[in-house]
Amino acid sequence: MAFLEIRDLTKVYGDKVVLDGLNLSAQDGEFISLLGPSGCGKTTALRLIAGFLQPDGGSIAVNGREITNLPAHRRNIGMVFQSYALFPHMTVGQNIAFGLEQRPFSRKEIAKAVDESLDMVRLNSFASRRPAELSGGQQQRVALARALVFQPQLLLLDESLSALDKKLRVQMQLELRHIQKEVGVTAVFVTHDHEEALTMSDRVAVMRNGRIVQLDTPSNVYRAPVDDFVAESLGEANLLHGTVKSKDGLGFVLDLGDGSSLTVATDRPIRVGDTCTVAIRPEDIELASPPAAGSNLVGRVRSIAFAGNTTLYVVEAMHREIRVRRPNTAGAKNGVAVDEEVALAWDTSAALILADRQGAV
Amino acid sequence: MTPRAWASLWRAFAVLTAAIMLGPILVVVPMSFTNSSTLAFPPEGLSLRWYGELLTNPQWTLRIPVSVETAFATAILATVLGTLAALGMTRGSFPGRGLLTALFLAPLVVPIIDLAVGDYFVWALGWQIGHFGFGGGLAGTVPGLVLAHTVLAFPFPFITVSTALTTVDRTLELAAAGLGANPWRTFQKITLPLIRTGMVTGALFAFLTSWDEVVVASFLASPRVSTVPVQIFTELRQSYDPAAAAISTVLLAAAVVLVGLLALIPVLSRRAYGRSPEGFAEIVTRGGGAVGAATTT
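Heads up: the sequence lines are chains E and U, in that order.
Positions in the first sequence are counted from 1; adding 12 to them yields the working numbering.
Positions in the second sequence are counted from 1; adding 1284 to them yields the working numbering.
Any given hint could turn out to be false.
With a straight-line cut-off of 27 angstroms between C-alpha atoms, the simulated BS3-like cross-links for lysine-lysine are [what the hints assert, rightly or not]:
{"hint": "1", "chain 1": "U", "residue 1": "K1473", "chain 2": "E", "residue 2": "K124"}
{"hint": "2", "chain 1": "U", "residue 1": "K1473", "chain 2": "E", "residue 2": "K120"}
{"hint": "3", "chain 1": "E", "residue 1": "K193", "chain 2": "E", "residue 2": "K179"}
Stretches of chain U that chain E covers, calculated by requiring three or more beta carbons in the stretch to come under 8 angstroms of a beta carbon on chain E [stated by the list, open to error]:
{"hint": "4", "region": "1442-1456"}
{"hint": "5", "region": "1459-1468"}
{"hint": "6", "region": "1473-1481"}
Keep in mind the hints are simulated off the structure, nothing from the lab.
All C-beta atoms in this analysis are idealised placements derived from N, C-alpha and C, irrespective of residue type, glycine included.
Excised from the complex, chain U in its bound form (with noise of 0.2 angstroms):
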């Protein structure tokens, strides 16, 4: 075969693999429009029907703002957490670096089942050692939703921070100093800037990570205060309710449109800098290399 003929065949096989993974999503798209009441392949004609009852009926319109809420709640906590752990552990020197910087990352390893399990006896429960507890209280509640996302959330802030940490030249922060400015005015003037683009993809890796989650969530989900997709999830158990498919539509826009700006911030960054930022394809590996490693556990 000519190498032209061994690139088609390439290019035909790239083609199959991206249909086969991204086919079962789309499949979602059509069926959503269906006027028919039952899910089903083909869609019997073309409506919004199911867009409308997203809007009107109690069990999507009383979820959806918790997990937007949820996940907003998330994204910030996480990213200003991960930040502060990402200083601590670049800038830092003490003993013991190691091991913190290891349970930092450890959501990404621990068995996402056990932390339901965990959250969901601490939160309901609460936790008494002496005269400290915690918890108790707190499942079936927006402020107990975001507390176990955040920690499934915080390594990605924690991973893209510490790598934009990491090519941010310490000598700019000591010209700061040279130039007058107080370590507080070093950092809210030259380091926070220049870790921005980190922070800004590690708060969207995180309000994705809170944005899909089923597992914790169904855990911590009262009848009273859930989220789209544990509603999804029961929906789809009790009956093939074509509304499901019209909120995997919208989740999976949004999925597409945050994963669009990720891809917008070189070019808004070179805008900015004249350049892109030193180091953005290693964060978006890494932070996507994490995203990969978080899929697989």
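Bound conformation, chain E alone (with noise of 0.2 angstroms):
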């Protein structure tokens, strides 16, 4: 059994399903992101998790226990929340203290495990300080410290990064990781942010009206979505709907039901006539300008937007708009300008065939 295991777990508010049986194990020391938009119920299962609110179906068990009923102060699970919640009436010290003050532990244990938690933050001289007076960054890691230092079976992480700016919350993804990591508490943290999931978890579970879509190894879920929905949710995609047409030596060939079509390789179960989606990350497509002779798929730029590291180029081909990014290396010629021609090349693993979301493959 896993260390936590959530079996079915339903949430209802009046006649609005916010959970729909969600199943989800973890691993001892493992780092789950959910990951999904905004009212796809994964702040309501936190929530559930911690104890803040009551399942109307389904079993929560942290460690071989069950926990679903337990009252949220007797549950000893951390938790990190989007305002952080300081108590603005206590010093940092006081705050990180709280948790060890609702254990038996004497007050030299208690002092000795503030001192070391706040070095862990690296905040050592900030103890007598109020939250009112440090940074975003610097509140962010008192939350971190005081969800910790108690040793939690669980630190829950609730949109935990999302207030602070961006080059602070890349920062700060890396050194809660770290964190973690040294700390080794199973981690379940919610966010809207792809490239935050990506980057922090060992698994990230896709959700959707209340149910995980996926879950998977960051690669996994962005190399083999399993649907249209997990492709977009994980960064750009363009996506191509068609019917299969036929089959010849180099894969499939797709009907994209405008008079274009495309070639895919796949190793999943498709037939002729069956509907299907390809999934193609704009970084995946190349270009060459002037497209050489016997070019597949010839296109004429539309627009390009120039954003640092990378520039987007929006191709007209095959009677829609397809965005291509290509990274800005320095030297590199990007010589290709608005209404040329491009040729648009793939590697045939690129192509991801997703199963439709009606369920036709």
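Bring the two chains, given one by one in their own frames, into a single complex with the hints.
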């Protein structure tokens, strides 16, 4: 049995089903992200695990012990809130000590643990400050220290980094992951930021409508999404819908419905006559300008947007707009101009055949 | 006229308004230092004679402790009850909450003379419904005054604590629970410190409500147990006793000190929290608004 075991967890508000039989298991020490748009039930799931809400069905067990009906204060779970929820009337030291004071520790043990904890988040000289005197990043670290100091069985993080500016956020992602690994605590992290989920997690659970659509390693959810929803949740994707027309030596030929066709190779069990969706990541498409003779796919550049490390090209091809993202390395020639003709090409493995959400494949 | 001239005109208008409002109150202060045996303005001579009278004449030395005891007990009782009611109204969800809230605020709008008459009969004669009886023998006692004043003062802590509670981030309470604090510990360590400003503000308003209340107190007073404001009223009807001016000055000074304390709260809590408590301005405005409403009824 896994360390964290969630079975058929259900939560209903009125006639709105927020969680629809959620199943999730996490190994000891694992970092799992719940990723999804707002309203997908990820925060509700976290609050149910913390014990702030009571489920309408299902069970939660940690380390083999069922905690579904245990009140929050007896669950021994650390939580970092989106707003940090630091106690404004207490110093940093008192905030961190709070969890220990609810447990049978001597004053000496508490002082020692608080010191070590401040060491861990590199805030030793801040023990007697008030939360309001700290920066956002420092408050975040205090919240983390407070949630970990009493050695909880589980660490829950609710959009904990979203209040920070981008640069600090990336730094905190690494620091948070480092501390979590060092402490060895199992963590469940809720986020709507796919980069954050991919960077930090051992596994990512992509959620939609109160269910987990896919739970897998970051590279698998990114490279082998089960459907177009997952593909788009984890980053940009060109989605092409079509019907399988025939099979030739190179793969399946897809009729895209407007006279254009596309050949894709796949080991998915699809047959002639099936409808399916193909996802191609913008960074997997190569541009050649001018198009070489015999190019399979030629299009016209509609717009070019420089974005620092990459450039986004919108190319009209196959009667639709295809997004192409190319890296901007030093010295690279980006000689393509708007309205120029270009050839598009990608590795056969880059075209991902997805299950139709309607269930065709 | 230039904008500058308009500005001075407005300033003069404001000063005049303040003078008209404060004048009748402040005129009592110089009058209390008179040396003559009747009240007159301008005062004749200068002495502390009538302040000495306050400390020696039993008609004052008996009244002052009653007023102080009543005001303190009222402040404490009204604040405890007001806080409990505010917790129930802001945190609970049950049918009839709106109606109950309206009832809790009713003492602000019910004509005070009605309350006084009702209190008088129930306190003096008692109220019997079947086997359940209340009151009787409470007129002319300190507990009787405290109970009656608590009814009048109750809305103030109820309003200030309700406002304070709505500004307390509920996530803080969840965070405390997540850290292992049971509901009572959470209330004691998190909620209570965060609504303390509201409670202190409410207690001060409750104290002042009782401290200068005349109508209800004069119904419930007896020759043996009465309050300072009732005594002042009686004195002035019978004679122009300058001691009344002296005690009025003392009451005024007490009120000024209490309101001064109120103004200090944001300064003190900024020192304690590193910032002023959220919603403090709202507490003072809503509390102050309620006081305004009370004085106009």
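Cross-check of the supplied hints:
Restraint check: the Cα-Cα separation between K1473/U and K124/E comes to about 22 angstroms, which is no more than 27 angstroms; the hinted pair holds. Proximity of K1473/U to K120/E is assessed by CA-CA distance (about 21 angstroms); at most 27 angstroms being required, the pair is judged to hold. Between the alpha carbons of K193/E and K179/E the distance comes to roughly 22 angstroms, so the proposed pair stays at or under 27 angstroms and holds. With a cut-off of 8 angstroms between beta carbons, the region 1442-1456 of chain U has 3 residues touching chain E; three or more are needed, and the interface restraint holds.
Requiring three or more residues with a Cβ within less than 8 angstroms of a Cβ of chain E, the coverage given for the region 1459-1468 of chain U holds, as 9 such residues are present. With a threshold of 8 angstroms between beta carbons, the proposed coverage of the region 1473-1481 of chain U by chain E holds, since 4 of its residues qualify and at least three are required.
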